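*Asks:* Chains as they are written, first to last, in this note's numbering: chain A, -17 to 99; chain B, -17 to 99; chain C, -17 to 99; chain D, -17 to 99; chain E, -17 to 99.
One thing to keep in mind: the hints can contain errors.
Note: identical chains are not told apart, hence a pair may lie in one copy or across any two.
Below are the DSSO-like pairs computed for lysine-lysine, each with C-alpha atoms no more than 30 angstroms apart in a straight line [said to hold, decoys possible]:
(1) -15 / 8
(2) -15 / 70
(3) -15 / 7
(4) 70 / 11
(5) 72 / -15
(6) 7 / 70
No lab work stands behind these hints: they were computed from the structure. What you are looking at is a predicted structure, and each value in this text was computed from that prediction instead of being measured.
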Amino acid sequence: MAKIGIADTTFARVDMASFAISAIKKNSKHEIERYTVPGFKDLPVACLMLFEDYNCDIVMAFGMAGAAPIDRQCAHEASTGLQNVGLKAKKHLIEVFVYTDEPKNDGDLFQIAKNSA
Amino acid sequence: MAKIGIADTTFARVDMASFAISAIKKNSKHEIERYTVPGFKDLPVACLMLFEDYNCDIVMAFGMAGAAPIDRQCAHEASTGLQNVGLKAKKHLIEVFVYTDEPKNDGDLFQIAKNSA
Amino acid sequence: MAKIGIADTTFARVDMASFAISAIKKNSKHEIERYTVPGFKDLPVACLMLFEDYNCDIVMAFGMAGAAPIDRQCAHEASTGLQNVGLKAKKHLIEVFVYTDEPKNDGDLFQIAKNSA
Amino acid sequence: MAKIGIADTTFARVDMASFAISAIKKNSKHEIERYTVPGFKDLPVACLMLFEDYNCDIVMAFGMAGAAPIDRQCAHEASTGLQNVGLKAKKHLIEVFVYTDEPKNDGDLFQIAKNSA
Amino acid sequence: MAKIGIADTTFARVDMASFAISAIKKNSKHEIERYTVPGFKDLPVACLMLFEDYNCDIVMAFGMAGAAPIDRQCAHEASTGLQNVGLKAKKHLIEVFVYTDEPKNDGDLFQIAKNSA
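Bound conformation, chain A alone (with noise of 0.2 angstroms):
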């Protein structure tokens, strides 16, 4: 039985952490941890915590990005900084953004939830 990290944010306007674990919850026995921040730049820095100080052994970072381009450039530091977080940590963390301009449909998130998990 392994522990999940579930690192999300306040300005998401779907909440797509619960909905994971619900999803984690339906089909495990896991342990979760969830941590949640303002914005997706403080995704890395709870993440780094989820594995470091709660002992997580798996991260899922759930993150909403708008359309605007700094929007992407923003969703590209936090992603660039999620993959930092995972080498130091040496462990798999799963980064879950959503595009607000990308059409998407919930089944797809729950099935990359559920398989992450």
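Chain A is already provided as a structure; the job is to place chains B, C, D and E on it using the hints.
*Replies:* For chains B, C, D and E alone, kept in the frame of chain A given last:
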């Protein structure tokens, strides 16, 4: 009670840091340390000093980027540096960058500053 | 005789890894360790594990990127992570990313895989 | 009294470093160490040496970038390296990059150099 | 007398490394170590080995990038890796990347190679 670091720049055209500081003082008893540098590319080193030398528990970095493509690139470089600082310190570093070509109102900024503190 | 790590993704639409593995087996007696992850952003951590935990001497990372600009950005982030892993391990990490909007033929890929192994 | 490192390039078309050095000498008694490299991509290593081997307290890096997109990309890479050096040394590294396609006047540059020193 | 590392790629369409090596031999008595890898993304690890395992005092990395946007992105990733290697070794790493869509003459290249050595 936490110690909050505030890093800002002399190149910014609006004194966002003072705005945030008065918001923090109005709503809490947190200790504040302010560090002002010339431009936003100097913010990462200032933030690292605020964490490691001034023992801040959380740092807010205020920057203002111009509208030219090169300004965006420079903001990207500063922002990547801030991400590295947050991970190095494993403490939250709230980046508050305003892009002068984006409509923003002070109320939004106040909310971000207040939530972050 | 070397130990070759093969990291690939379940999201790729062509099983490039199997193609490379049979090419390696046909041409050499090298030991092979395969590690499959969901998407290419998960490859850097997998490659780090292949080097450090599975003691591979060289690692090949297979990914397939879509045609949208966001796919390019994600591939860039994964690729930067792979560069970091190679430097951390100081061992060769051969990145084999195929972009679905570029004409490629399997012969080219075979040559790359064979040369790399 | 501080020791100021000045890193510049032989490829720059204006001798900005000499301009800064005379401004510093005119206004202060700071010791100056100058290190000249071929192009701006060589500046990060020079700056690291100025901090760690020449014991500079602050370093200024002068570069001049051409107008082509590839020049911008190269400046970005150099600049990211400079950010890393500043964080590694935890000392201020003032980047003074001039883009030849941007209107600039020497007075601005003088002010930046003087303020930084 | 220094030891010069020369890293180059089999994918380059012009044998720049040999050109540089003969220029160095003609003008000096420096010892030369050559390391050839498949593509330019493999150069950073090769350069790190040249510094740390072959004890080179300076390294030159020769690469040739194609004209497609993805080639530019890949060159950017390789170049960022080279920057990291130079900082890790704290020794000069001269990047000589030629972009096949830019007019260049061999005289320029010779000058760069000669100056760097």
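*Asks:* If a hint holds in the structure, say so; if it doesn't, say that too.
*Replies:* Do the hints match the structure? See the list:
1. Taking identical chains as interchangeable, the C-alpha atoms of residue -15 and residue 8 lie at most 30 angstroms apart only when both belong to the same chain, with a minimum of 15 angstroms there against 40 angstroms between chains.
2. In this assembly of identical chains, residue -15 and residue 70 lie within 30 angstroms of each other by CA distance both inside one copy and across copies; the values are 18 angstroms within and 24 angstroms between.
3. For the homomeric pair residue -15 and residue 7, the shortest alpha-carbon distance inside one copy (12 angstroms) is at most 30 angstroms, but the shortest distance between copies (38 angstroms) is not.
4. Proximity of residue 70 to residue 11 under the C-alpha cut-off of 30 angstroms is restricted to the intra-copy arrangement: shortest distance 27 angstroms within a copy versus 33 angstroms between copies.
5. When the C-alpha separation of residue 72 and residue -15 is checked against a cutoff of 30 angstroms, the pair qualifies both within a copy, at 15 angstroms, and between copies, at 20 angstroms.
6. Taking the shortest alpha-carbon separations for residue 7 and residue 70, only the intra-copy value of 28 angstroms comes in at or below 30 angstroms, while the best inter-copy value is 33 angstroms.
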